[in-house]
Amino acid sequence: MAHPSEPEVLDQALSGIGVDEKLLVSILRKSHMRKGCSKFFCEDERQFERWNHTAIKSLKAEFKRFKDVVVLSLMHPWERDARLLKKALKKGPMQYNVIVEIACIRSSDELLGARKAYHSLFDRSIEEDLASHIQGSERKLLVALVSAYRYEGPKVKEDTARLEAKAVLNAIKNNDKRNAMEDDEVVRILTTRSKPHLKEVYEQYKKFSDKTITEDLEVELLLKETVECLCTPQTYFTRVFDAALRDDADEDAKKALTRLVATQESEEMKGVATKFEGKIKERVKGAYKDVLVGMLEK
Amino acid sequence: MATLTVPSAVPSASEDCEQLRKAFSGWGTNENLIIDILGHRNAEQRNLIRKAYGEAYGEDLLKALNKELTSDFERLVMLWTLDPAERDAYLANEATKRWTSSNQVLMEIACTRSANQLLHARQAYHARFKKSLEEDVAHHTTGDFRKLLLPLVTAYRYEGDEVNMSLAKTEAKLLHEKISDKAYSDDDVVRVLGTRSKAQINATLNHYKNEYGKDIIEDLEADSEDDFLALLRSTVKCLVYPEKYFEEVLRSAINKRGTDEGALTRVVSTRAEFDLKIIADEYQRRNSVPLTRAIGKDTRGDYEKMLLVLAGHDEA
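Respectively, the protein sequence lines represent chains A and B. Take the first sequence: its position 250, counted from the start at 1, is 250 in my numbering, and no numbers get skipped. Take the second sequence: its position 207, counted from the start at 1, is 207 in my numbering, and no numbers get skipped.
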């Protein structure tokens, strides 16, 4: 049986998710590998094979992944969510989708817990920090999403849901005049109604449009994600898994997977994960893989 | 400080139930007995009584009270008997309905309660009305009122004493600018009042006064016809000196021109187990007459008796 060459081993170590520790150990100190490995090393003018900067970053990120998933899993869920929210806020608009994810996927009491933990950790309320740091048009939506304490019972009024589906449709049709995300009614509906009610709104919408709300919201990513997380969380989970397990997955996509794996214990998510079993076997490695598989089995 | 007084030796819940049952039975109702018992029990004790009554007689105590009592007295006893969270949920729900709608009541509940009290009210709202408080407030308010009220009812304010003085300075300046431009419902005004902790808002308003020489309330008095402005003023008062706000509500509820029983009932029943003593002191300071005497002059019968008992005034 042909052993993979050292450059191939290194390549394997830097693709996919996580790190195959055993394999990496086996190639340590095989210095002759560097000459033949143009993907990660290039000859410097001072005659040594210099490590490609991006490759180092990737390797570090992959090693860090196990640490991250362990820390996230060990922390109390409230503290974990409070810290995730704070970090996302600090990082700026590109990470606001994390705020949407947490505010919309968590249960009412879990979100409340995160708000309490936020007080303890940062001596401020999450809503005051979001409101004062977010300048753009997404402020209204995001502040209201984290402030919600949704009713969790099954009771739903079909008539109201139908009216509200129409209101959402109107806002989307008027998209050229004003973003749907800035429409008062859309924000009201998405940030105050219960999840069962919103699922009904999602269904009712199909009667008025040949596309679903999320399909019609292709351009407004944050709003689309809000609807997805609230109405069709399975679609959201599928999207995250798919993006992270792709060959060309970027760091944010992989981080999203870590977040989901460490925080979601729902049957819904596990159901989605089983569909990706093959990809997981292929692309995820080492201790991180053990964690992932272990969590999904529980 | 509360004005509610509870006897040092409290009968058991089942003894209280028996007595209440006796008070309902027969031809009339023994209102005095009802006042004597319920008017001297704290929230936990009242909850136990309700539970015991339901178990013993298969009937909700509140339904029995509703059958036996009438008018202002009935409403006062009913509201009082509920525990604080349910009471707030009930009043808030009432305030979203068409004929009884009141932005002021919604704001009052949202701003004068502690963060946890407001939270408990929201939980009680789920349990009782199978909806969230915010969805009803959002659905039944519009425009600037909705813009202000929603953050107020969904806030879960930081309650520590930590205050950022330079932030207070910045936000005082911001508020001053917006108010000078008459931009009363500006995003930032709503943001500061709707999300900052009460300690932080207090620091900001102190800075406002130091820097601009006037109390922010004075600067919010530009237009006496503007309902939104009035709500904004009350919001500020509720957040930083609620006792003054409640004193004003009482003063206008009890005056020569007639009595606003709704407001009087609401303030007494919601504050008796919290800070009615402080409010009463403020009332006396401002009106040179004890609150209990003013209530006595303006109301009568069982309604008056119950109010006075809750306000800590007993005719031994």
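Calculated directly from the structure, the hints in this document are not laboratory data. Beta carbons: idealized from backbone N, C-alpha and C, even for Gly. Please note: incorrect hints may appear among the correct ones.
Footprint (simulated), chain A over chain B, 3 or more residues, beta carbon under 8 Å [what the hints assert, rightly or not]:
| hint | region |
| --- | --- |
| 1 | 125–135 |
| 2 | 153–161 |
| 3 | 184–196 |
Going through the hints against the structure:
1. 125–135: holds (count 7)
2. 153–161: With 7 residues close enough to chain A, the hint holds.
3. 184–196: As far as the region 184–196 of chain B goes, the hint holds, because 5 residues have Cβ atoms under 8 Å from chain A.
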